[in-house]
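Residue numbers -22 to -1, 1 to 445, in mature numbering (1 follows the signal peptide of the UniProt record, and there is no 0), belong to the letters of the sequence shown in order.
There's no promise every hint is true.
To be verified - In the EDC-like style, the derived pairs of lysine to aspartate or glutamate whose C-alpha atoms are separated by at most 20 Å in a straight line are:
id : residue 1 : residue 2
1  : Lys325    : Asp231
2  : Lys121    : Asp78
3  : Lys107    : Asp90
4  : Lys121    : Glu77
5  : Lys107    : Asp126
6  : Lys121    : Glu105
7  : Lys236    : Asp126
8  : Lys131    : Glu199
9  : Lys326    : Asp298
10 : Lys443    : Asp254
11 : Lys10     : Asp154
12 : Lys93     : Asp112
13 : Lys6      : Glu199
14 : Lys6      : Asp92
15 : Lys325    : Asp254
16 : Lys137    : Glu199
17 : Lys325    : Glu313
18 : Lys443    : Asp423
19 : Lys121    : Glu228
20 : Lys121    : Asp231
21 : Lys238    : Asp254
22 : Lys107    : Glu77
23 : Lys107    : Asp231
24 : Lys113    : Glu199
25 : Lys121    : Asp90
26 : Lys238    : Asp423
27 : Lys137    : Asp166
28 : Lys113    : Asp92
29 : Lys234    : Asp78
30 : Lys326    : Glu257
31 : Lys263    : Asp298
32 : Lys425    : Asp262
33 : Lys107    : Asp123
34 : Lys326    : Glu250
35 : Lys445    : Asp254
36 : Lys131    : Asp231
These are computed hints drawn from the structure, not numbers from a lab.
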Amino acid sequence: MKLVRATFSLVLFWLCVSSVHAALPEFKDLVKQASPAVVNISTVQQVSSQVQGMPDMQLPDGQDIPDIFRHFFRIPEGYGNAPRHKAPQSLGSGFIISEDGYILTNHHVVADADKVIVRLSDRRELEAKIIGSDKRSDVALLKIDATDLPVVKIGDSDKAEVGEWVLAIGSPFGFDHSVTAGIISATDRSLANETYVPFIQTDVAINPGNSGGPLFNMQGEVIGINSQIYTRSGGFMGLSFSIPMNVAMEVVDQLKDKGKVSRGWLGVIIQEVNRDLAESFGLDKPGGALVAKVLPDSPAEAAGIQEGDIIYSFNGNMIDRSGDLPHQVGRIPPETDARVGVVRDGKKQTITVTIGLLPSQGEELKTAGQMEEKASANRLNIQVSELDDQLRERLSVTEGVVVRQVANGAGADSGLMVGDVITMLNGEEIDSVDTFAGVVEALPDNKAVPMRIVRRGSPMFIPLKLK
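Please model the complete structure; the sequences and the hints are all you need to start from.
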């Protein structure tokens, strides 16, 4: 009887293991099909260095220090008149998207390169021309002089789903055609300082050298360009981020056509709506993008969007988080009309905006200076003072009061800091210390209200509640 039970248990265990094994994906055919179109990318940079602590040696034009002097006097490379080239460095990966030699990679892989060298799967090395490179999306388009090349299949990244198996091929640390696999952890992920890309987040092992390589789905289609990782150690920690191919191909079309990328521009500075801010604006739950500032002479200003508006939809697409808005605005061609849904004073309305062209550089905001001026206290247990002309110019603000001291109380609980400039409170514009004092005295107890401030040049809303 014991033998029968043992035999039954072994059979059951074998069946379970076989079932789990059968459920795991098989990658070998996909790798054989896709790997030939993946390339290694190296760059060469020209440098001109002068050795610290040694005088500059002036030599006749076109001449350099003879090697015999370098050997005996230990003079390093790069010292003298002639510029030096760094040896080619394997910095990343890429993949071929057309038989006539167009290749996609990351902007940061080829940025500042004087020469780009592509190594194909058959070990040929060819110099590539940079057709165009877009820093905002981190996408670069290269071209090599070759024909009949193996190419990848381009997939629809909008169809990518969380939990789906994906595979990466690249050159981590220079090890060509290394294959790693994992699943999609999230889509439409917003990252700090990467406002125009809704990243695909995966747990695929990505390391230095994988940048620019393809992310494949199980149909062998490229759905993303591996771009960056989140790490505290410099190595892989289970958080990898890829640029969706639908975004990348929009960039490619523009780079091919005109060598640069034009994006839509609304002209607002926005922030996330958390629970306290949602309460202060009378919302049922957090969501949308809170307009902290409307930039002057912008499409938003022309259309009548106001500071304190909460944008909840754009062209019919819901804005769940503030990071969703730049993705959608950037993909709209300039001079196109768009419908912007906002909540203002607790009521929804739709505003039509003619989208503008995103400037090449953002607005520069400077830090506030210190003030020596009589301050006044109030129910928030803070001290504020008037703005002077110097501070107005530095912050590009016209009205408000500057916070001089913060003690324990409602002001500190709301997160106010010394140097903040309060420009609006509970929907009222603040143009002087007297106005501020009057608005504060009229604030209700035990109810969150919105307060707009400018901190180190950046406008934002914070919730304030008097207890």
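Next on the checklist: So, against the hints stated earlier in the document, which numbers end up violated here?
Outcome noted: When the structure is compared with the hints, numbers 1, 7, 14, 17, 21, 24, 26 turn out to be violated.
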